[in-house]
Structure formats: structure tokens, C-alpha cells
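Colleague: Residue 34 in the working numbering is what sits at position 45 of the sequence shown, and the numbering runs on without skipping anything.
Calculated from the structure, these hints are not laboratory results.
Some hints could be false.
Said to hold, decoys possible - Using 20 Å as the maximum straight-line C-alpha spacing, the simulated EDC-like pairs for lysine to aspartate or glutamate come out as follows:
#, residue 1, residue 2
1, K177, D128
2, K81, E54
3, K30, D128
4, K30, E103
5, K221, E83
6, K81, E234
7, K221, E54
8, K81, D98
9, K221, D111
10, K221, D77
11, K30, E106
12, K177, D126
13, K33, D128
14, K30, D126
15, K221, D211
16, K81, D111
17, K33, E106
18, K33, E140
19, K37, D111
20, K177, D122
21, K37, D98
22, K37, E48
23, K37, E140
24, K33, E103
25, K81, E215
26, K177, E106
27, K221, E233
28, K177, D98
29, K177, E103
30, K221, D82
31, K221, D91
32, K37, E106
33, K37, E103
34, K221, E234
35, K81, E48
36, K37, D128
What the hints assert, rightly or not - The following label-pair restraints were derived from C-beta to C-beta distances:
#, residue 1, residue 2, range
37, D91, E137, 23 to 29 Å
38, S102, A146, 17 to 23 Å
39, H117, E234, 33 to 39 Å
40, E161, V35, 20 to 26 Å
None of the values given here were measured: they were computed from a predicted structure.
From the three backbone atoms N, C-alpha and C, an ideal C-beta is built for every residue, glycine too.
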Amino acid sequence: ARARLAAPSLHPPELDPAAMATARLAIAGLGLLACLGQAEKQPKPVEKVVTCGTTATSEECTVTEPLEEFPGRLLSENAEELPLCPMDQYRKDENTVVLPCDGITLRVDMALSEGEELIVVDVPVGTHELFIDLNGDSDFDTHIIDMETGECIIGFACQPCGGGGCTDLDYEGTTITFSGDDFISPVKETTRISEATRPLRVTVIGYSAASGYIAVSLAGIDPCPEITPGCKACSSYPNCTASEEPVCDGTSVVLCAGAEESMPASETVALRAGAAAAADEGLRLFDGVSDAAGAERLADARPQAAPMLAAITAAALVSLAAGLFAAAAARRQGWMGRSGAPGSSLLQPRNSSAEEEEEERGRDQDQEHEDLLAQRVQP
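Please model the entire structure based on the sequences and the hints provided.
Modeller: Written out as C-alpha cells, the structure reads:
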């Protein structure tokens, strides 16, 4: 009896059936996640490629910059549009991503179908502290491509920083950190690049149909490229005729002015006169709206100081001054011609009071013009 009591039982203790069921479900769930992350997610072919600001629709790509004040907003239809490009350049489109050399933070809202790739922006060499934050309601994939090789270096199915992510990875002198591929809603993938030593392209691929946004920020670009990323030289604007010259202000709105046109002597007058003369003086607005509507908006635009208009204003004032002085000289020369040479009978006093009054009025008008000019040229 003592032996039977001391011998250990060969039967394991009974387990709670509910606990067993919970354990089985947990194991099955882990297995399902592993299958989804490894077995099912395989690279898919890209069926459609669109670019922000050119081939993408506003649903596929809408760019929003922070509402900060920038100088030089002159011709823009939208009072909140920021002149991110230099004054001698124009923005390709209001939904083109622009990367100013002094840095920016922006957001791109997007909705992509399965197998669709969106080209967000090309990043030049010298870009510092580039940060990319991708968010979606389904499976978006961050892809960053080395433009020199054409290979994807960051993102799902990319090398050397693939779906598993990387931390402080050195790639051709660039330090890369990537959070890794996320495929469970809400999707979030972050990328940080210390300094771009190679030209890069930032794209987003819809592994499945998804909507969301990508936030892009950078500290700056050094050296600053001659043409700001997302901008084009004003002289390359294609929609002006041969007899017109493009006038840019750093936004996506470009004014085409005929060669014979001259700007008025103040910014307010310039804007309003340009709007009023759009239909009959050879000025046309290319902002996606009719000339009449564009002219009406231009007339109500809020003028800002700008080097371009300052130079034109100065030139107009100089031209006005030269004209007034030339007119005054011609008038005086005409009086002397009428007076004749010494000894002429015309030197005799004239009895015509009407002629004397006319000359007096002319002198008064000349003096008024000169006074008006002096007031305008005062700072």
C-alpha cells in the first residue's frame, strides 16, 4: 500500500478544454500570419505607372504644402499657391512635387489600384535628411530606386534594404533606415536617408487597391541644382506663340505677353491693366480656365513685391521721364522756331493775346507733368 501511494502517476493531469481551444486558435493565427507574410505575398508585375503632376489624376495624386508665406506671388489664380520655384522658373503643375533647396515638408494624398505605381518625386544628389512616411488603408509598398542603376534599393522585394527593413545601412555612402514592409491595415512604412549620394526616385506601389498618403520632408539640397526639382525654366514654357514671351513668378501660372507689350509703372496697375487687356491686347492666361475668367481673377489678385516687376517698373519710369522731357524740349524748340532769328520781325512783340495764353497753358502743363514724374520716382 505504501509503495502504491509513493509511485508517481503515469497519467498526465487533465487540461481545461477551453484553454486547449484558445491555444490552438493562437497557433493557427500565427501560422496564418506567417503564410500571409511569406507564402502569399510575392512580387507582382506593375500594370500601370503614373507620375504626380503629369499623368496622374487628382485622385491618384494631390499635393499639399504647408500654408506658409512666401514672397513673389503675382500671377497665381489660387491665393494660397506657394511660389516654390524661383522667379525665373515655373512649376510643372499644381500637383507636381517641388523640392526647394532650403527644404520643405509636404503631403501627397493618393488612391491607387492593384498593380499601379505612382512616381512621387525624383530626389537629386545632395538632398539632406530625407524622411518619407507612407500611410494606407491597405497594402501600399514604398519603393526607392537608384536612378543610376535602375534598381530598387529600399522596399518590399528590393535590395539591399528589403521587406525586413534595415537600420543605418550604408549604401554608396548614404545611410538608410527603413521600417520594413507592412501589409496589415493600417499600413505604415517609414524611410530615412541621411544624404543622397546618388539620384533617387521615390515611388509607391499598390500591392492591393488602397488609398492613403505619403509625407515627404527634407532639410535642404546642397549643392542646389540650377533647375529646382519639380520646376522648369521659364524660357522653356511651350504654350506661348512665337510672338509672345512667357512671364513666370515661380508658380504653375504662366502669362504669355506679346513682344510689343509693356508693363505699367506700378504692380497694382500692372495686374489690373493686364487683366483688362487680356482679350484685346494679346495677353493670354494658361491656367486651365477661359481668358475672361482668368483675367477677372488676375484683376483681383493681391500684388506682392518682386524683383521682376521692380525692374520693369523702373524701366517704365525712365521711359516716361525721357518722353516727358523730350516733349518739353520739343515744345520749347517750337517756341524758339516761332520766335525766329535775331533781327527778325518775329522778335517784335506780338499783339495776339490768344497765342500768349496758349503758350502759357503749355508751360503750365509741362510743369505739371514734371511735378507728377518727380512724385512717382520718389522712393
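Colleague: Against which earlier hints does the structure fall short, listed by number upward?
Modeller: none
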